[in-house]
Amino acid sequence: MTSAVSFENVSRHFGAVRAVDAVDLDIRPGEFFAMLGPSGSGKTTCLRLIAGFEQPTGGSISIFGERAEGVPPYRRNVNTVFQDYALFPHLNVLDNVAYGLMVKGVSRAERGRQAEEALKLVQLPGYGARKPGQLSGGQRQRVALARALVNKPRVLLLDEPLGALDLKLRENMQEELKLLQRALGITFVFVTHDQGEALSMADRVAVFNDGRIMQVGAPQDIYERPQSRFVADFVGSSNVLPPEFVARHGGARRWASLRPEKIRLGEANGAGVSGTVRARSFLGATNRVTVEAEGVRLHAVVPAGLPLPDDGAETRLSWSPADLHLMEEA
Amino acid sequence: MTSAVSFENVSRHFGAVRAVDAVDLDIRPGEFFAMLGPSGSGKTTCLRLIAGFEQPTGGSISIFGERAEGVPPYRRNVNTVFQDYALFPHLNVLDNVAYGLMVKGVSRAERGRQAEEALKLVQLPGYGARKPGQLSGGQRQRVALARALVNKPRVLLLDEPLGALDLKLRENMQEELKLLQRALGITFVFVTHDQGEALSMADRVAVFNDGRIMQVGAPQDIYERPQSRFVADFVGSSNVLPPEFVARHGGARRWASLRPEKIRLGEANGAGVSGTVRARSFLGATNRVTVEAEGVRLHAVVPAGLPLPDDGAETRLSWSPADLHLMEEA
Amino acid sequence: MSASAVIPAHAPAILPSRGGIAGALSDTFWRRPKVLLFLMLLPPLLWLGIVYLGSLFALLLQSFFSIDEFSGLINRQFTLKTYGDLFQAANLDIIIRTVVMAASVTLASAVVAFPIAYYAARFARGKWKALFYLGIMLPLWSSYLVKIYAWKLILAKEGILTWFLDKLHLGWLLDAWLSLPYVGGNSLSVSFTGTFIVFVYVWLPYMILPIQAALERVPGNLVEASSDLGASPGQTFRNVLFPLALPGIVAGSIFTFSLTLGDYIIPQIIGTSRLFIGQAVYAQQGTAGNIPLAAAFTVVPVVIMGFYLWGAKRMGAFDAL
Amino acid sequence: QEMLKELGKGEGQVNIVAWPGYIERGESDKAYDWVTSFEKQTGCKVNVKTAATSDEMVALMNEGGFDLVTASGDASLRLVAGKRVQPINTDLIPSWKTVDERLQNAPWFTVDKVHYGVPYQWGPNVLMYNTNVFKEAPKSWNIVFEPMDFPDGKPNKGRIQAYDGPIHIADASNYLMAHKPELGIKDPYELNEDQYKAALDLLRVQRTLVGRYWHDAMIQVDDFKNEGVVASGSWPFQVNLLKSEKQPIASTIPEEGATGWADTTMMHVEAAHPNCAYMWLEHSLEPKLQGDLAAWFGSNPAVPAACKGNELLGEEGCKTNGFEDFDKIKFWRTPVSKCASQSECVPYYRWVSDYIAVIGGR
Amino acid sequence: MRSDRNQSAPLGVKLAAAAGLLFLHLPILLIFVYAFTTEEKSYQWPPPGFTLDWLSVTWNRPDVWTALGLSVKVAVVSTTIALVLGTLCAAAVSGTKFFGREVVSLLVILPIALPGIITGIALRSAFNLADIPFSFWTIILGHATFCVVVVYNNAVARFRRTSGSLVEASMDLGADGFQTFRHVILPNIGTALLAGGMLAFALSFDEVIVTTFTAGQQQTLPIWMLEELVRPRQRPVTNVVAMVVVLVTFLPILAAYYLTREGDQVAGSGK
Ligand SMILES: Nc1ncnc2c1ncn2[C@@H]1O[C@H](COP(=O)(O)OP(=O)(O)OP(=O)(O)O)[C@@H](O)[C@H]1O
Ligand SMILES: Nc1ncnc2c1ncn2[C@@H]1O[C@H](COP(=O)(O)OP(=O)(O)OP(=O)(O)O)[C@@H](O)[C@H]1O
Ligand SMILES: NCCCCNCCCN
Ligand SMILES: [Mg+2]
Ligand SMILES: [Mg+2]
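Protein chains in written order, with my numbering: chain U, 3 to 332; chain H, 3 to 332; chain G, 1023 to 1343; chain L, 1153 to 1514; chain V, 1396 to 1666.
With the rest of the complex left out, here is chain U:
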């Protein structure tokens, strides 16, 4: 099967800045693919390479098997939902949504009909006459989505589409987006720097750092079997343990990750590693306890309701050896 998007050794350098550096990537048709990474790691640049706003300085890109270099954005059957939505401020919602059809020469009546339908799809029927300025953030986000979907793109690119929304709205939109993608079967490529969002929404996740892909895989893979310190640190709030520490407490001399919910807190004189409680925070369903042990700061997550040691108290940490995930990185 041809990939929806395929990068072969693609680079995009801006002078000395290697925004994207020798990336290989295959996005499968119909999948919900997330690009995750810290700020400046090259996620947006990757997306812009697919959309055609940037040209690779090296390597080659194909979209559904066709070479994309030199093809301007308006000739790629790929659409983008921009982070700031980029709605046309001078057009009303309906004309915004119908824009792609208009420039293709679809008749006014027909494009009105299709745009109305797309608005229905994003649950904004009847909003056509408003100007973008009269919409809330979440509504704008949906209009941007409808505007892209009405063109029936083969790949939909979304650059942190939920970044500007507040938490509550964001959770709702996450669910809606995922349902929509399932229903339409369009390949979604989704950029985010929020690991929770990437894990909960995507079929597969690529973790970026410094213009390179550190790891690609299903959310569980990434979360439970990080291959490098960076991934372990960035994805989830895993404890990353240095080789010496790991060597002392039952593992090989390798970097390892240990998920906070796998750590048990016990009496100061019980088994395990002893440390001092540095901070406690209430997370709702759980409490997070920060413990300093042998010079390493460790987070343990304890379900609410269980007793918590006091700030400054001595405590012991223990975990089952199976939960200590040794990483490939030495």
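It is possible that some hints are incorrect.
What the hints assert, rightly or not - Here are some of the chain V residues that sit facing chain G, going by a computed Cβ distance under 8 Å:
| id | residue |
| --- | --- |
| 1 | A1411 |
| 2 | P1443 |
| 3 | L1483 |
| 4 | C1484 |
| 5 | F1494 |
| 6 | L1502 |
| 7 | I1580 |
| 8 | L1581 |
| 9 | L1621 |
| 10 | V1639 |
As the list claims (entries may be wrong) - Covered by chain H, according to a simulated footprint, are these stretches of chain U (three or more residues, beta-carbon under 8 Å):
| id | segment |
| --- | --- |
| 11 | 172–185 |
| 12 | 190–200 |
| 13 | 274–287 |
No wet-lab data here; the hints were simulated from the structure. Note that the structure is predicted; figures quoted are calculated from it, not measured. Note that beta-carbon positions come from the ideal geometry of N, C-alpha and C, so glycine has one too.
Place chains H, G, L and V with the ligands on chain U using the hints.
Coordinates of chains H, G, L and V with the ligands only, in the frame set by chain U:
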């Protein structure tokens, strides 16, 4: 003990808009107080009333027992960390931090010394010569903090100081802020619309809605014993159950909240309420399952590792009656 | 969400070129943005770079010619003689007089303009904002010449100001001012004071607009932050507002300074008959026919404005223009 | 360019650079109109551009676009030397023979016996004064050159004006001729370095007395009305205008005598409307026009016949305007270094820059 | 910046602003007053009487109409040229970074930053050298040169505010370069161009200094006024003309204000 800040029946109306409406509030000296609420609920206005940028249209405000009405901001020993930092773009970092001392007439040498110290406190020693434009978001945030702290205010107001930072940085800053507050013993009043942030950082939280305070209390109180549907819905991702539903399944005819981690999923023919699985998301340590039961959408959170029902499958939900929190709101 | 409505057709992922000249051109421009840039820059650069700068250089070139003293014809041989003439005491007087006037006018315009711009930018809202806008734009639209003549009536010895001050029994005040050296004279309309007032008046809107624009860009919360940190309104003004409005002031001063440097109509109608650079240029090229000296005179504002623009650019004043 | 040999049809218009008040079409005063009839007769529409100084006239002619100019003596030879004007075929101007003999071959427009124009008017630069201040006509130009108190007891400082043109240096020389004979000035337009310096010194004193120099005739009229100016060298034109507005103004030629002007209508080398121009030249010599203009401007006609029987001028008009004083008036000329009365004189270009310096306070 | 919330200006600022506005407007009021004076030769204060005659006198003066006609034509053509050149320049400068970008922006500002008399005699001596006779187009050459900058400034400011992602969004949705210009760029910078165009028109319409050098014997309205004001005859006619110009331009100025303001709001709300 006099309150650090006390509102007695304070209102601030803008024409017909009741930004703050008959609010009573007591913030204790030395506490870390959070104001939580959706956009437009009046949090910023409250803060501006304390800082003196707004004057109440009704009621009275005292700061450490002294009446504050008519006192201009520059005569209140209260400082603010603005949401967008409001650093002076024409001054370098040191002069920004030393600004409050300069206008008080502290000598150049002395204020340089104190500013340098404040920068050390926020872990930016040696950054004094840079212009704000040359700093990253997190660094700016710290400069804004240092600029406020150098004046040794009795109350420090923070308006969503972490809103513009990305997740990772935000978590670090949350921890730092809390440690700093503990160390300095200054009263912090902290505005946020992020419930996680409020719960994990504050000693007490006030939940705002529509210019009014819906509930004030310790994070656990707010999270576990919401008094109203609004609070239950806004704080944590609780399931809010309508009276009929509650009446049918063991409670009184009242609105109730049920935390997702308290719901157990069982075989389709077991005990409890039966429903259809609508969505599943991977949250890392847990999975969230969305189930539609008797017309109500419920979220259940299941620890990772436990088996998950398939999308569209029938399942049964159960919980222990003690976890069903009946609210005061009818 | 219902998904049945939009079902992706299996269109090709890469569409063919739209064809036609527009399609081909569009593709070309996209692939070679430098070509598009070149085409966009070509007309303005031809106009400004060739016609305007060309003329300017041709003029400057003439300053290296000299005039034949007998026939008054231009001698097209390279010489610095004309610059020798330019630096005669009388001409230096003209230059200094003009520069001092331009500087004073600029300073005064800034002082008068600031409160207007400040109010318009930070306090006026709704109707008042519109009113201020009109109040600044209308003078800009009323005839420059007729305004100058209106001032002549105001400033004349038997003019409106004298009449008004006499009514208030304040005539002595005017007389006292007029008896001062340099700025005084027989009446305001034949004094440097009069020239100065009219210059300030006529160029004022050019100063208000950029200051207002600069002030409007100062985030309101900087003022609040300053106040929050204990600065009184006066301290806030000195330490925050003024420094941030400075690029606007500098942008405005480019106009007021340059317009004063070159104007020859105002000092001729209101003034002491002592020449300003603009008048000297006008007289040398028009009445005396001494184009080389006129050209040499124009070098003075060019050099001054060159330095001025360089400084302004460094202050970021161009953004406030 | 060849002189025109015979007159053709009019081109429909003629463009003239003139002194203010020289070409009137009844707009200022209905009685004074010598354009309308000409336009009717010839079909040549007359377009006038006024100039305030001789230098301006030269500049306008250099610029081009004009057919005729009413040049004074200090401009006419410059125009000839600069090849801006063409010889006139007097055969095409029937009234040429009626021109005053004193003017027919005057050196300021005749070069090598070739005529470069047709005389128009001449007159003195008079001393204009306010009769409320001077109950009697002032006797000397000293009232505009020396600091003093006027008869009303107030100083002259700020209440006098002087002409804003380098040619005013000649007025100062003329004053010095009478008051400092030891300088040996023979001709106010021919000054050696010492004489020239003395003239400038005198003008520097004058600078301290003058508020603003007058440049435009009309502005001077305003200044006498609104600016408290009470005495100044001027042209009869302003005097007449102010009198017609019932202002307390009169004029005199003081004992030192006066400079003056003799103007010639000259034709541009590239005149686009030569036929209309010739028609105007002929028209300009009509006794009626000459008399009316003399009355209007306070000048003297170039055609003696005009002195008689002109309603507006009156029988005594020519005498009043000084028709008999032709020899006493020192007519404007362009100062040149090769001068007649001494070995070397200060040329005009220095007059220009030095006069600017004097006005500037140097 | 939003205005200082709910604060009113300090009294000193209010007074100074009011005094400044008064200073700006009293002389203009005077122009109006003298459009109705009964005395025509020189303006006396106070005016001896008032009359409406000058309105009809002005109406019937053909020279006013010719000068007005020329001024309007010059302003329209110069503004049009300035709109094209200024927009092109602004688009080039704000769209891309290229070598010499600073030079271009300096070059555009130069004609307004250098005194008009320099522009004037430079062009004039160039005309002389090149043997170009004075014509309508020589006036245009001068005016368009200094009008470019106001259009440029307005357009650059708007380009800066208009999110670059709009252009990308348009191309993303299938619009080629021309369609994007027509459907997205033009509508978004339209009001800024209008405001710039109005300012350019005003600048051209009232320009004397450059025109003096490039007009030859043609009379634009300001040149006509200069001539007219020196003549103590029917001086109120110039005042009537000046007054009518102010009154006639009142509405367009106001319209431009509201148009550009709304434009800004919409442009800013794209976020
Ligand atoms: N046009 C450009 N010119 C120069 N450098 C660029 C350009 N675009 C991006 N970069 C640089 O390339 C790197 C990657 O940028 P990119 O926008 O792809 O990051 P990102 O992962 O999307 O970050 P964020 O989460 O902050 O959006 C950054 O260092 C950025 O500064
Ligand atoms: N100066 C003002 N004039 C009119 N209305 C105002 C003003 N300031 C605030 N409001 C209104 O008061 C209400 C409360 O605003 P406030 O800024 O306090 O909300 P908030 O809780 O801080 O919201 P957010 O989370 O969006 O910052 C809003 O409806 C707002 O529009
Ligand atoms: N509003 C008329 C002022 C005249 C200014 N002209 C500016 C031209 C710039 N060279
Ligand atoms: Mg990005
Ligand atoms: Mg807020």
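Verification of the supplied hints:
For A1411 (chain V), the interface hint holds, since its Cβ comes within 8 Å of a Cβ in chain G; the closest pair sits about 3 Å apart. A distance limit of 8 Å between C-beta atoms decides the matter here; for P1443 (chain V) the minimum to chain G is near 14 Å, and the interface restraint is violated. Nearest Cβ of chain G to the Cβ of L1483 (chain V): about 5 Å, under the 8 Å cut. The hint holds. The interface hint given for C1484 (chain V) is met, as the beta carbon of that residue sits about 4 Å from the closest beta carbon of chain G, less than 8 Å.
Against a cut-off of 8 Å between C-beta atoms, the interface hint on F1494 (chain V) is violated, since the closest Cβ of chain G lies about 11 Å away. The closest approach between the C-beta of L1502 (chain V) and any C-beta of chain G is roughly 5 Å, which is under the 8 Å cut-off, so the hint is satisfied. For the restraint placing I1580 (chain V) at the interface with chain G, the shortest Cβ-Cβ distance is roughly 12 Å, beyond the 8 Å limit, so the hint is violated. Proximity of L1581 (chain V) to chain G is violated relative to the hint, the smallest CB-CB distance being about 15 Å (cut-off 8 Å).
Using the Cβ-Cβ criterion of 8 Å, the hint placing L1621 (chain V) at the interface with chain G is satisfied: the shortest such distance is roughly 6 Å. The closest approach between the C-beta of V1639 (chain V) and any C-beta of chain G is roughly 10 Å, which is over the 8 Å cut-off, so the hint fails. Under a criterion of three residues with beta carbons nearer than 8 Å to beta carbons of chain H, the stated coverage of the segment 172–185 of chain U is upheld, 5 such residues being counted. Only residues whose beta carbon comes within less than 8 Å of a beta carbon in chain H count, and the segment 190–200 of chain U has 4; three or more means the coverage holds.
With a threshold of 8 Å between beta carbons, the proposed coverage of the segment 274–287 of chain U by chain H holds, since 6 of its residues qualify and at least three are required.
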